[in-house]
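There are 4 protein chains.
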Amino acid sequence: MSMANENIQLGQAMQAALQEANTALHTWLEHYRPYTSNGRCAAYIPALANADPSQLGVTIIGSDGKLAQSGDCEALFTLQSVSKVIGFIAACVEHGAAYVLERVDVEPTGDAFNSIVRLEVHKPGKPFNPMINAGAITVSSLLGGKSPQQKIDSILAFIEKMVGRRVGINEEVYQSEWQTADRNRSLAYYLKGTGFLESSVEQALEVYLKECSIEVHTQDIAMIGLVLAHDGYHPFRKEQLFPKEVAKLAKALMVTCGMYNASGKFAAFIGVPAKSGVSGGIMAAVPTHASAPDSPFPAGCGIGIYGPAIDEYGNSVAGGMLLKHIAKEWDFNIF
Amino acid sequence: MSMANENIQLGQAMQAALQEANTALHTWLEHYRPYTSNGRCAAYIPALANADPSQLGVTIIGSDGKLAQSGDCEALFTLQSVSKVIGFIAACVEHGAAYVLERVDVEPTGDAFNSIVRLEVHKPGKPFNPMINAGAITVSSLLGGKSPQQKIDSILAFIEKMVGRRVGINEEVYQSEWQTADRNRSLAYYLKGTGFLESSVEQALEVYLKECSIEVHTQDIAMIGLVLAHDGYHPFRKEQLFPKEVAKLAKALMVTCGMYNASGKFAAFIGVPAKSGVSGGIMAAVPTHASAPDSPFPAGCGIGIYGPAIDEYGNSVAGGMLLKHIAKEWDFNIF
Amino acid sequence: MSMANENIQLGQAMQAALQEANTALHTWLEHYRPYTSNGRCAAYIPALANADPSQLGVTIIGSDGKLAQSGDCEALFTLQSVSKVIGFIAACVEHGAAYVLERVDVEPTGDAFNSIVRLEVHKPGKPFNPMINAGAITVSSLLGGKSPQQKIDSILAFIEKMVGRRVGINEEVYQSEWQTADRNRSLAYYLKGTGFLESSVEQALEVYLKECSIEVHTQDIAMIGLVLAHDGYHPFRKEQLFPKEVAKLAKALMVTCGMYNASGKFAAFIGVPAKSGVSGGIMAAVPTHASAPDSPFPAGCGIGIYGPAIDEYGNSVAGGMLLKHIAKEWDFNIF
Amino acid sequence: MSMANENIQLGQAMQAALQEANTALHTWLEHYRPYTSNGRCAAYIPALANADPSQLGVTIIGSDGKLAQSGDCEALFTLQSVSKVIGFIAACVEHGAAYVLERVDVEPTGDAFNSIVRLEVHKPGKPFNPMINAGAITVSSLLGGKSPQQKIDSILAFIEKMVGRRVGINEEVYQSEWQTADRNRSLAYYLKGTGFLESSVEQALEVYLKECSIEVHTQDIAMIGLVLAHDGYHPFRKEQLFPKEVAKLAKALMVTCGMYNASGKFAAFIGVPAKSGVSGGIMAAVPTHASAPDSPFPAGCGIGIYGPAIDEYGNSVAGGMLLKHIAKEWDFNIF
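Protein chains in written order, with this note's numbering: chain B, 1 to 335; chain E, 1 to 335; chain D, 1 to 335; chain L, 1 to 335.
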């Protein structure tokens, strides 16, 4: 909650602006909270099903260290598909983007996140993009380290660099994921059969499902969003964590495929690179240039949202509405 | 060639910068011209098949009126799928975006531009986006005017406002398109059967194919790109030609679905909203904020490219390479 | 009602057996008639929608001229998809089976009768079989005669030879079909685009839809079934109307693809070559060898059924049940 | 080689007819043997790849015990997909057909034998028929016995009853199958996820792949074909081994889906229920009624063919031609 505050001295005018931003954010969040009842928590594992559907939280971290938060911003949740962006970046850092892109394409599909059809219909069965399960499982086999544990450790270390704290795996969620992973195993064996999976199926799945089970709060993903907004540069650590080209690529993927089958609508009506997970998380990156000069975050920001009641596409219902409102009010749009 | 020059007085420093930009552009264009031999002209109608595959031309128009050009920038070609963006915007202006979006979605597909599969598989068969034929035919039935002639006149008038001259239809191309339109008729009758086509099939096709047959040169589409870059505002006419929301929506569609089945790759590796056609045209929009301050076009620009030798996806081979090079050198990227 | 009776002298024992068969048939028919309420008449055109859903009729004609009938056996209905078998045979007679089979395959699909997906997914787009619309439209372009009228005349003459009377086209049905033919036009234009349609789309559709609109009663299709049962030989006219090989081929198609997406179930649980139409007709052929020696029709028979209340697959609900019962009781099964 | 001979006393005229049949069979077999060069042995595992592609053998066993054989009729090969019929019958015997049919449908698909697409596209993902891998894996989980070993033992015992000798599993083939089973594992996990698989994936696969690896010669499958021809009745043991309804159902499935994606063509041009495997085996059943009275096998027969050079569909090239020739010459056809 405090890392940004510790690192950065805010001037008085900035404090006033921040106060104003927080007030606005709070009003908006409470305005959209009732819409959580239009969604339902993901039901395929108990840990997700038992989430409180009325929760809604947001954290925004500005490039200058401004921190605006509201609602259930400290609630813990698992990354789920939000981890797909992080894993993709980590694999590119490990092997170079070219190597990764030989094993996964970057084209949107319009198919369900867990669809297997295209692997059969489009020869030779290269996964269409790393934001769907087939692609993400492939990518998880490319992470740094030999054993699954090493691969997971490398991801956790990578996240720590970005968010400033060590996050961990929710073992209960992971165990549930592991036990209900039939469809993902089906995808993984298909990929093994067509040669797109480097490690064994079981190892790839362990890594993939542990990534999905990494537990965070909204500030964590806001921080990752902020690093993405700055093309891989950490504005507080003042360190380039991954290449600009990889950041651009990741943000392009977030826009074209980041919000499940509503990605096109998010691009069209919100215009901010974002990635969602079925746990209700949304991670968004607002580059400096896509932020209005008169907004509270004129130099760009990272946004983390959590709202476990999701819609038919898998995206947080109220979270998506809140992001749209923020983007409109503060004129965040890359297009 | 001259509209921009006539309207705008350029200072001396600017003249020097422009000279430099033109020189660079010329070098790059001639560097990529040999790659035209990696592609082939579209072969389904004689008028396209008979194009000179070695042609390559580019026009860039800056928000300040700067005009950089090189190669076959004055060669005439038909809009083909580039017209899909224009038709979509015009339909939104006529009916409001909400009305249009009830009849066509904004989601990318990963399918071929002329694919019919998704209309059957995804009930109720709403076209996935206006950048594929099914969606564009639907949109063509929504243009202003009752008769096909009126609809085409309204499109031509709309284009005239943007490019500053009256463009026309290449009748030879249109006749050929009409005679080889079996697949498009198949799509149109399918849409008629599912209720997504407002006009008759024959009328919708006449409008659609005439739009495809509108003849332009690179400066024309660069101008349209420039208006898109400015969110519908014409920087020389100083007039808002269509709503900002529609422009954002159109640019989002260009990014997610504008470059056929290489849209994801264009987003990932170039990062500039662009729309291509099988005639070899590429129209790109670089918003002010996505342009580097030290580039020759710091306030954004529109780019028009023509190179009739296309690749397996339907995009100009050398044109795509040139666009990528320009975007990299001058740091144009929305992400 | 009488053609068979006129032609054939029945012995007294045979008369008794026939009486018994008729009684049994009547009992069964009335037993299954209430099940008509489990189905609904096809609703896409008024003439079908307005049929009386409680109707159920059957005619069985034995190779020896025995005629058993019950229920609404004289009700008139249009052939609809039952015509697909007849058109296929006629085209084979006209061009030879080899020629026809270059333009349409004989493989079942598991897809809907009006599906277009496979034409795109399986290159080069040859229709999978003549029992689905895509295949039947292709076949209709191969009928004898140059104009649509000549082609229809040749079909009507062909039917006359089999059924012993001139049947005609229900013009009201045809007009309705023509006006609601968007999907069929879509299929036809697709086939035109891929080169599988010999005539113009409009001509092929006129022929196809007129075939569908041919009006018959159950005895008509029972007679055609009888000729099929005898491998193209007309047992009363004592004339080979079409080659044995074509008859075998047609019956194989009826078994593998004749009952829409319930063809497998009809084969598995009934075992009699049959073809249905959405108007509620079922035409079945029981070859001599597939008929039990102690049944009332030991030398095989043709069966015509009409019951306009159809199920989700498009097959007459009570008609299918009645056919199953008849086949079981009298041990008709080709397997 | 001799069981039939031992059990049955053949009269002298019959001996002469048999001699003639054997001579004819030999001539035909050697005529078609050169066509083996048009095919290739399955290459996905060494044991199949190393088969002698020029081999071709046939055994026909008549209902009266007549045994005609030619060529490589004693060569051993693994059942592969021929086992799908046997497993399906055994599961029906164990649970009743109704129970089995709740877990697998009986509709042909037109898709590849190992296709996964339809499981996703057609909700709720019930396998379309037991002759494709998805269906056969489901069925293998329904065999009698608790452990995989018990299930395999029950299948081997069932086969023994039909063929009169204990056949075994080719362990080398099984090990290879197990190691290259990625696609089958993908199918099995998909089915597990949708609830259509009763046992664990690993157990179902062990059973399925061991069934595929059962080693036989042509006389074995000819005997099974003979029992099928007699609707489950063993004409030499004089014992009903499985219900008539199950036999009819199995033969219907062989006709509609038994010969991979050439099933329609086999039905149309040969007309004999048959099941093939990628090892080059074909098992066919000619019911009494479908056999010409003046053929050497007037009371029906079972046919076993082996020819490891297979075509693009997965069917023995020369084996299919030989079966077609036999069926034509001796007038075997169920239609």
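Because the hints were derived from the structure by calculation, they are not lab data.
There could be a bad hint or two in this list.
Note that the list lumps identical chains together, so a pair holds whenever it fits in one copy or between two copies.
[What the hints assert, rightly or not] With a Cα cut of at most 20 Å, we get these calculated SDA-like pairs of lysine to any residue:
1) K123 with L18
2) K244 with S295
3) K123 with H234
4) K324 with A97
5) K161 with A42
6) K328 with H31
7) K328 with Q150
8) K244 with D294
9) K238 with A97
10) K324 with A299
11) K244 with Q19
12) K123 with A112
13) K161 with A47
14) K324 with A98
15) K146 with P124
16) K324 with E94
17) K161 with A49
18) K328 with W28
19) K123 with N22
20) K146 with C41
21) K328 with P53
22) K146 with E329
23) K161 with E198
24) K328 with A42
25) K238 with Q149
26) K328 with E20
27) K161 with W178
28) K244 with R40
29) K244 with G195
In this text the structure is predicted, and so the values were computed from the model without any measurement.
Output the numbers, in ascending order, of every earlier hint that fails for this structure.
Of the numbered hints given earlier, those the structure breaks are 1, 3, 5, 7, 9, 11, 13, 15, 16, 17, 19, 20, 21, 22, 23, 24, 25, 27, 28 and 29, listed in rising order.
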